[in-house]
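Hints in hand, dock the two standalone chains.
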Amino acid sequence: MLKTVKQVMLAGSMLAVAMTAASADDIVVGSAAGITGPIAELVAPIVAGRELAAKHVNEQGGLLDGDTLVLAHADSQCDPTAGVDAGNKLVNIEQSVAIIGASCSGATNGMVQSVTIPAGVMSISDSATAPSITELDDNDLVFRVAASDAYQGVALAQLAINAGYTKLAMTFSNDDYNAGIASVFEQAFKDLGGEITGSQMHEPEKQSYRSELSTLSGGGAEGLALFAYYGSSGITIVRNSLENGLFGKFLAADGMFDTSVIEQIGADALRGNIMITQAASDDANVSYQAYAAAYGPAYESQGYAASAPYAAHGYDAAFLVALAIEKAGSTDRAAMSAALREVASGPGTVIRPGEWAKAKAAIAAGEDINYEGAVGNNDFDANGDVTGMFSVNTVGDGEGYTTDLIR
Amino acid sequence: MEQLYGYFLYSLSLLTFGGIYAILCLGLNIQWGFTGLFNAGVAGFFAIGAYVSAILTAPESPRHLGGYDLPIPVGVFIAMVVCVPVAWAIGRVCIRLRSDYLAIATLGIAEIIRLVFKNELWATNGARGVSFVPKPFEAWDSPWDQIAMALVVLVIVALLYIAIELARTSPWGRLMAAIREDEPAALAAGKNVERFRLEAFVIGAVVMALGGAMMAHYIKFVDPKMAEPLKATFLVWVMLIAGGSGNNKGAILGAMLLWFIWSITETIAPIIIPDSFAHVVYPFHLVASWFLPEAWMATPIAPDPVTGLDSWDSKAPFLRVFLIGLALQIVLQKFSSGILPEQRLQSLADTDDASARAARSSPS
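Order-wise, the sequence lines are chains Z and A.
In terms of numbering that gives the first Met the number 0, the first sequence has 21 at position 22, counting the first letter as 1, and numbering is strictly consecutive.
In terms of numbering that gives the first Met the number 0, the second sequence has 168 at position 169, counting the first letter as 1, and numbering is strictly consecutive.
Bound conformation, chain A alone (with noise of 0.2 Å):
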């Protein structure tokens, strides 16, 4: 019974965590899916909200700025609000770049927020990170406190995707598209093209700062290292992709199952690999160390010579990254444009598929 409360709390966490990155990969469906933006500094936004929101909610620090003590709510508004002229001083510079030029300048800025919130020790104490950071709902009993938590979380998601959605089909959904499409023709017609792929940029980094505030206050803490590409951007991206760019649920679907697949694998690694498996690697491993420098070789597979075979439990996360990897070219090389491609608008959908779809992949 305590057995099946504990999976139900951490499927709980399962569904806090994979709603998090949901919002994550919206905020990058509506840059990405819908207009075409290379944004590869998803983690400058989601550094920003979680930074913001979690300074203004903290109680006073000696070590970071702070003291503000606001509610939740308002820190989390607060940090969307202050992303739209960060974001939109970005876009005002890069958003005339192509694609991959985009992708290069983002990533950079993405870097360089970073690096300020790690080096401005005055407001974030640097790289130890801002602690005490309100959790809503943590003073309920648990498990409400951690269902009205996911709940929230959920609830954020579905009204994202609503709005989302509704954007999408609406004109400026159309326009949106037809900019991604075939830019020369949306300017032909009149359009300001240059404004709307900056509102599309602002909106969603604001929406990525939503999930960075949200983040921080799951958490309960923040650092720098939160903040790095691999985590906040790229892991998100790879989300978006492999669910389906272009696709709301594709966004969320593809957010929850790379979520889930990547926290269950530790816990299903040790059991599927059997532990007779060590003695099939270490051969190789014994061979590889011969040619590779030592460093690479820093943790060997032997059998344990203390515990017997215990100590591979130990060593599966390494495994695990492959096991991901793994997933993730099956997924990729069964579905090439996600689990849910996208569903193309009617007006679109009518022109020629083929010609358009080939604009699109041609680099510029």
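Isolated chain Z (complex conformation) (with noise of 0.2 Å):
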């Protein structure tokens, strides 16, 4: 018995070092995600999404000489630990040319700082967006096309003030990025001239928060500023408000942006009484339908929606690393990031999610290209981020969220 089961792993590892060298038509880029661990379910969209890019680099020519793209995954769990270990994997294993990734802020800085770094591989992320990535030292190899929490915070701020909050209570679940956008959103209310009645810090996952809560509303705030994602503390917190008339209004970040939230509270009750901001995508903007166009009809079967938090940003990332290969002209790592920044802004031809064949004629025609994506411009600044766009999310007369930009 044992005897077999150690051939059957030599047999496997020998399979894996001949199977895992990328043929010579192959060109591997690294997508490092979270696909287990806690955010598992708001990464699948964003995984499909980066998938949708590749699909149509390869149905529109391919990439230089014909070669295909393929996406070689790894697993970052939202854990450091695991990025490293998949960083690793993607960098010298699979000899990615550059890397997408990885879906959480601590996965993405224990794997830039400790592995693509060092060795020289461009990454950029879709979905990280702590603060402290901005200030890496990185040789201008990381990036992102999913907004600084500096920025989404602010604009919530913006959107209270402006809807004439002036006393808010806070609440958020104490993990990287809600812990951050939070912060944020603290300092922001504050310079606007608003007042943080309380603020309190919320552990996931516990069947309960009356007890924060009715601490919370003992300070006569107007509404609760709650960041948390809605599956594992969001609802139940809603829920918990509304049950013991707490807090009847509520501002929240995207985290909160889901379907289910309106499904188990009830439209009713949340009309006229929430606001999510979501880091977006304007609908009205051509690129946007573009990419909408595409992900919707090819993943509702799976029950992603083209609107599912940043996977618009996974597909412009997986687009801009296809573009920055096609501009450098090689594989060649060095070469990718200021490839990149080339492809991204202007001046140059428009090119919008979906226009690979368009993008491929214009850079062997010489020109200039400027890619316009989904989710924005993604004008990187000097640190490698970009500004972003969010949208607010209210209940509208029917059962799902009515979406309006924030301009």
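You may find that some hints are simply not true.
Some chain Z residues judged to face chain A by a derived CB distance under 10 Å, without partners named [claimed, not checked]: (1) Ser104; (2) Ala129; (3) Ile132; (4) Glu202.
Quick list of simulated restraints, FRET-style, between CB atoms [what the hints assert, rightly or not]: (5) Z:Ala266 - A:Leu229: 34 to 40 Å; (6) Z:Ser210 - A:Tyr4: 54 to 60 Å; (7) A:Leu120 - Z:Asn161: 25 to 31 Å; (8) Z:Asn161 - A:Leu96: 54 to 60 Å.
Covered stretches of chain A, as calculated for chain Z (at least 3 residues, CB under 8 Å) [said to hold, decoys possible]: (9) 134-148; (10) 216-225.
Simulated from the structure, these hints should not be mistaken for laboratory data.
Each residue gets a CB set at the ideal place from its N, CA and C atoms; glycine is no exception.
Written out as structure tokens, the structure reads:
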């Protein structure tokens, strides 16, 4: 029995050696994502976005001399240790030209600091939003198409002031994402003249948040600013607040943006009472529509919507990496970041999601190109960050969200 | 050629990670393997080592305590020193508890330590973690930086192995074995059992802190997720049990083997499981989705409509967890006392082996 096991394992490892070596016509781009772990549900539509971009590239002529863009997936689990392990595999075993990811800020921080920056590999994250990534000493190798929390927190604070709120209570889930955005919001709201009557950190996955909420409700706040993932604590907090009459108005960031919030709380209770900001995507924008028209039908059967958080970012990140490879004209890792900057911002022929053939032709003709992505213009600043765009989602007359872009 | 070079670099990272887990395993082996202390709080000492060393060596930042800019060896040393009073205080309170009670107490304390690091924002930046932790030799050119890092970790493992092996065969080690096998007898021989148990607990904890500090410097980043019990406590336990508790070689082997399996299966899983397997699984998944809550079914294994079966790749990580469980089952069923069972010291082996073993496996 043991002998067989040994043989199987040996055969497996030999196969691995034989088969992970990419064939001559494959260009491998690493895709690190928190496929398992705490945000697995959010990650699946994002990875689908990356795959859709790869499909567009391959259908419309492929990379360089008709080479196939292959995404090599590795599981960064939303954990720094796993992020480093995933990065090591993508850089060394898969020999990735560049890396998309990782998903969570912690995993991204570990992966880029320990693996990809020392190895000189460019990475572009589609959902890591921690402000600390801006400050990395990265030799211009770390980019992201997801806006730093610093921007979304300010956008939500401005929205609250515009809606007439002056006194808010605040609670946030104690994880890297929600704690980050909450601290930015708190500062921005105070700077704009608002008052935070109380702030409570909460641990996710608790059965009830009544005690935290009743403490917060004592301060005379007009509403609750809620920073949490909908599944792990957000819905419970809204339900507890409404059941006990503690809070009736809610402001939230994109961890709460999901239709299950409406399904579980009920549209009537939320109508006019909740505002959720989301990193978005201008629905009226031609680029977004091009992306959504391709994403929607393709993933409908899996239950992924084009508007899923960061799915469009996943698409843009993968498409940008493909453009950078095409622009560089080679798979030389060192050429990627300069090429990425060239294709991401103007001037040049405007390229929109799905327009791979057009981009390929323009680059072949020696023209400059400017990718206007599904999530915005993707013009990177000196730190490799984008300012991003945000939408505000409210519950309208129907049973779903009404989305308006913040301009 | 580049591919081979890639495998070489990857094997260095395997050795470094495996070595760091081996350090943790050796620490646990002192506590459980020799002395029989059921410490389920490895993660707590791991976290102390990681955070103390990270904060002492990281550059100044407005996000957390820091700016001490100490050299890495000094940071690691202080982290180990800090662990002494903490482990002593915990041990002082808990050490009298027997096996499973000690496990519950230490598990709880490790969670307290992790939550302190997670919630004391001024010192640790909370859930967002400490960045810019320096890594030894990072200024060197590749691959020498990675070779040096792996070597340092392996040298530490080797030195620990020699030291712990010497301790094991010394009178001190025999006394530990005596306490584990038959505590009343050790007491009757006039030994201060509680003091020696406490000694083993503190020494083991300090070794764990060393492992935590090395992890922080290798990853260059620390956050509270790294000290979650699943990764930092139970994985270490599984490594020790699979390798052979009580045997230092077994502890190192278990750590290396399990980390290799954990890391390599991700690359192998999509290959050894044929794509057509997705079609085989799908009907079962569909049927299961009629009975199970929707939340459990968040990741359908349906063949991907866009990319054909490519997305199976992205679902393989879920299967990997299952494969590791399966591998563990096989190892534990085949080798019930670990791959390398404990080599019993001569003087103990002379006594009635069967009764000693029975005494050891009974709950108190």
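Taking the hints in turn, this is what the structure says about them:
Using the Cβ-Cβ criterion of 10 Å, the hint placing Z:Ser104 at the interface with chain A is satisfied: the shortest such distance is roughly 7 Å. Interface hint status for Z:Ala129: upheld, as the beta-carbon distance to the closest one in chain A is roughly 6 Å, under 10 Å. For Z:Ile132, the interface hint holds, since its Cβ comes within 10 Å of a Cβ in chain A; the closest pair sits about 9 Å apart. For the restraint placing Z:Glu202 at the interface with chain A, the shortest Cβ-Cβ distance is roughly 8 Å, inside the 10 Å limit, so the hint holds.
Taken as a hint, the range 34 to 40 Å holds for the pair Z:Ala266 and A:Leu229, whose Cβ atoms sit roughly 38 Å apart. Take Z:Ser210 and A:Tyr4: their Cβ atoms lie about 57 Å apart, and the range 54 to 60 Å holds. A beta carbon spacing of about 29 Å between A:Leu120 and Z:Asn161 agrees with the range 25 to 31 Å that was offered as a hint. Evaluation of the 54 to 60 Å hint for Z:Asn161 and A:Leu96 yields a pass: the beta carbon distance comes to about 58 Å.
Given as covered by chain Z, the region 134-148 of chain A passes the check, having 4 residues with a CB less than 8 Å from a CB of that chain where 3 are the minimum. Chain Z is given as covering the region 216-225 of chain A, and this holds because 8 residues of the stretch bring a CB closer than 8 Å to a CB of that chain, at least three being needed.
When the structure is compared with the earlier hints, no violation turns up for any of them.
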